[in-house]
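Chains as they are written, first to last, in UniProt numbering: chain P, 1 to 338; chain C, 1 to 338; chain B, 1 to 338.
Calculated from the structure, these hints are not laboratory results. All C-beta atoms in this analysis are idealised placements derived from N, C-alpha and C, irrespective of residue type, glycine included. A couple of the hints might just be wrong.
Said to hold, decoys possible - These stretches of chain C come out as covered by chain B in the derived footprint (C-beta under 8 Å, 3 or more residues):
1) 2-13
2) 195-208
3) 232-246
What the hints assert, rightly or not - Beta-carbon label-pair distances, calculated as ranges:
4) N176(B) x R105(C): 27 to 35 Å
5) P65(B) x G108(P): 53 to 61 Å
6) G306(P) x G306(C): 38 to 46 Å
7) A112(P) x R142(C): 55 to 63 Å
8) G108(P) x P74(C): 52 to 60 Å
9) S119(P) x A112(C): 31 to 39 Å
10) H284(B) x P90(P): 31 to 39 Å
11) P304(P) x H284(B): 50 to 58 Å
12) L11(B) x G199(P): 43 to 51 Å
13) T124(P) x P46(B): 42 to 50 Å
14) Y198(P) x L11(B): 19 to 27 Å
15) G199(P) x P129(B): 54 to 62 Å
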Amino acid sequence: MPIDDRFYESLGPVPVAELARLAEAELRGDGAVLVTGVAPTASAGPGDLCYFDGKRPPGPADVNPQAAACFVTPEHADALPDSVSALCTPFPRYSHTLAARAVLRPRGWQVAESESKPSNVHQTAQVAPSAFIGAGAAIGDRTVIGPNAVIGPGVQIGRDCEIGANASVQCALIGNGVKIYSGARIGESGFGVMGGPYGAEDAPQYGRVIIQDYVTIGANTCIDRGAFDDTIIGERTKIDNLCQIAHNVVIGRNVALASFAGISGSVTIEDGAMLGGRAGIADHVHIGAGAQIAAAAGVFREIPAGETWGGVPARPIRQWMREVAWLQKQISGEKKTK
Amino acid sequence: MPIDDRFYESLGPVPVAELARLAEAELRGDGAVLVTGVAPTASAGPGDLCYFDGKRPPGPADVNPQAAACFVTPEHADALPDSVSALCTPFPRYSHTLAARAVLRPRGWQVAESESKPSNVHQTAQVAPSAFIGAGAAIGDRTVIGPNAVIGPGVQIGRDCEIGANASVQCALIGNGVKIYSGARIGESGFGVMGGPYGAEDAPQYGRVIIQDYVTIGANTCIDRGAFDDTIIGERTKIDNLCQIAHNVVIGRNVALASFAGISGSVTIEDGAMLGGRAGIADHVHIGAGAQIAAAAGVFREIPAGETWGGVPARPIRQWMREVAWLQKQISGEKKTK
Amino acid sequence: MPIDDRFYESLGPVPVAELARLAEAELRGDGAVLVTGVAPTASAGPGDLCYFDGKRPPGPADVNPQAAACFVTPEHADALPDSVSALCTPFPRYSHTLAARAVLRPRGWQVAESESKPSNVHQTAQVAPSAFIGAGAAIGDRTVIGPNAVIGPGVQIGRDCEIGANASVQCALIGNGVKIYSGARIGESGFGVMGGPYGAEDAPQYGRVIIQDYVTIGANTCIDRGAFDDTIIGERTKIDNLCQIAHNVVIGRNVALASFAGISGSVTIEDGAMLGGRAGIADHVHIGAGAQIAAAAGVFREIPAGETWGGVPARPIRQWMREVAWLQKQISGEKKTK
């Protein structure tokens, strides 16, 4: 299916040799072939740029021989159809991304910009007229603030960031290259309920949210500010839609959180951990570096570095799977003997 | 309790005979009785229109004899109190809806409309002045765009649609009669994390969201656009609040998803399937037509058409329930013998 | 870490004696010490106000001797370091909140206000110019409506409320001192799917949402209006981010719902109940006063007052924990004998 040019602007055609240069890939094949679009590898047609990042060599069904060019690791390049120009790199999917930017550009919001910008909004920033920029907020070079987004007073946003439509950011310092998708809520008051003489009361929250460089935050995800200290999201951590990050959580680098992940107050997650969809972590729990948490797990105690846990309450995944299988066996046996 | 006229405008009184005509129902009883409101069947008072759609005949507690009129299937009409005019139809609840429209009208947003509309916004469409309409977006007859909603460039929206307050729609083609409630996020980038030379990177997303006729999408629900192809929601599928539909999901017709349903990437769901609250489905899994998934289930493999599954990991519901009961029995027994 | 004055305005320094007076606390120590900030008790430095609300007396690591003053219950006051002025009250954390308001003020949105207000918006209310106020909506004294928030026609909002950025409220009556955080959706149509001659149809919803005094509603949380009657949230109930409250739910006073709580249609929850994160309740279920529901529980039947339940399906928590432990033991044993 061709890319819909109502949403993505065509910048091509671009010769494969030029894409090889842009993505710093080694070209094996015809560099004069023209690229006009992108497509999944199995269904790529004439003019399409694709990638193959499988661990085994591509088979006949994996790469359509009509494709114009395919990013691939050097060791698998020879397995591509002869008709497809190979672009060899150690990171085929990533390199494809770099090249694709020269072929297609998302049309973005195409907002008419405000005629005058506050002094602390960089001249190259794009701010939708309907966005709210609070007093003293600073917006860096080339950052885009979407329609009806709300940036609170004093918020600092770095360079090359994208703040989506209807998103809100307050009490927060945001690095460079950060993407905050539509409807995300950054810096709201955390949930601190305490008793008082009249009943339940909210504990006021005096902290901030710190979001480091190249973090991505999904649509309608919420990240609360710290109670006194900070909630921190480390470099290149990627967070899916509809996640909840409570106050004083500290997340390291390159962590991935799938949709509906729920991180309770004061949890720490070390670098490179991965949470499946709907995984939840109870407050003050520590998750070691590179730990993996299965979808739908409920974690109530520390997970050591590198381990994979699942279930509610979460336990090492093999143990959980053995329990599930054993229980199923008891029932099957009981059924038969009856 | 009478309907609050600050939120719903009274259009009545309307004679029962007129409502019978509008809803194509067979009237048994007094057609001159005037209807002024709607109410639950058990508590309906004078002037109230109600419906009974139970499988057994209504008992004395089911229908208040003060009610003005009641939609009911023909076989149960005689069981209504004599004082209540019966309106017989095969779909009592649905027919009640048709008639109720002649009695009450939600006041809606009552936005002051923009003085001039872009050429591709139909003259009968209502667009709140604070809504953002991107370049080239088209809005059909009688469609209402709520306050502070954001419609991205090139988006196509059909006739008789409602886009709620603060909702955002981008990279999407929307059919007729579609309702997208407040804060829903249609067409955001899907969650595609990949490795690169510097750490985690987002895979760019070049696809679209296709929403077919009469689909309803709940508040703050997120539907991501496809990576290269489309995310598709089939005709009359109804999605509750706070659901997540990832990239490249394909959902058939008349599917119902309760709140917090989470559908991972490239899942396919056939016509008429039903998901309970918080049901989750792992990526690439196929759900057969008419399958039912219990609340809180976590589905990691294919569910055949027409089956009902539950639990985490999901299994046929009877098996899951037997396991739950058996385990409970072991503990009770152990407790007694101790 | 000092509080960031880009987000919180310093109102101090304030002498401890003055804070004792404001919070109606008994001062034990030097009333002339000046307070300039707030901090966690263990890390509080010179000028910082803190609180200790533990059940046992504070140990040496609990309270930093550099802190200026500490709210504490009278029985634990003597265990504070001599260098820290004690402020004795029965509710240390709550009293700290009262005093902290004299030391620091959140900068809020600092919106430029509309020049003229509709007649039913109180002169002391602050309404962001980009907020939408529907026809006939009333806004009480000192209530703040954030940027790009949407208040539907006829909505009544009391005194001293805060409506966050990009939040929307419709078909609702809101009491005094209510906080609705950014992106919350109050009063959307509930999820009522019914069959009709053409397939699935939405049942129209004619009810309201009633939110009583001092309720707090988290970011991106959704509360649907009733079908014919009302959805009701009782006084001082506190709801975290990303919760779902369906139509016709009735929640009592001082109830706490942690993040991702999901309350299905027509559920009733009595006063003082507490739901952990991601707890879900099936429709029409009744939860007794003071009941506690563990995180990730799925409740399918009534929980008596005062009991604590967990698991899916939920059962008394001790039973659930015994089942979990017993199952784990079977597997460990089986493993060893193999």
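Checked hints:
1. Judged by the Cβ-Cβ criterion of 8 Å, the region 2-13 of chain C is covered by chain B as claimed, because 5 of its residues qualify and three suffice.
2. Counting residues of the region 195-208 of chain C whose CB falls under 8 Å from any CB of chain B gives 0; the rule of at least 3 is not met.
3. Given a C-beta distance limit of less than 8 Å, the hint that chain B covers the region 232-246 of chain C holds, as 7 residues qualify and 3 suffice.
4. Range check, N176(B) to R105(C): about 31 Å between beta-carbon atoms, so the 27 to 35 Å window is met.
5. At roughly 55 Å, the beta-carbon separation of P65(B) and G108(P) lies within the given 53 to 61 Å, and the hint holds.
6. For the hinted restraint 38 to 46 Å between G306(P) and G306(C), the CB-CB distance of approximately 42 Å keeps it satisfied.
7. At about 27 Å, the CB distance of A112(P) to R142(C) disagrees with the hint of 55 to 63 Å.
8. A hinted range of 52 to 60 Å holds for the C-beta pair G108(P) and P74(C), which are about 57 Å apart.
9. Checked against the given bound of 31 to 39 Å, the beta carbons of S119(P) and A112(C), roughly 33 Å apart, stay inside it.
10. Between H284(B) and P90(P) the CB atoms are about 57 Å apart, so this pair departs from the stated range of 31 to 39 Å.
11. With their beta carbons about 43 Å apart, P304(P) and H284(B) fall outside the hinted range of 50 to 58 Å.
12. For L11(B) and G199(P), the hinted distance range of 43 to 51 Å is not satisfied, since their beta carbons lie about 27 Å from each other.
13. Hint check: T124(P) to P46(B), Cβ distance near 43 Å, so the stated range 42 to 50 Å holds.
14. Evaluation of the 19 to 27 Å hint for Y198(P) and L11(B) yields a pass: the beta carbon distance comes to about 24 Å.
15. Separation of G199(P) from P129(B) is about 35 Å and departs from the stated range, judged on CB atoms against 54 to 62 Å.
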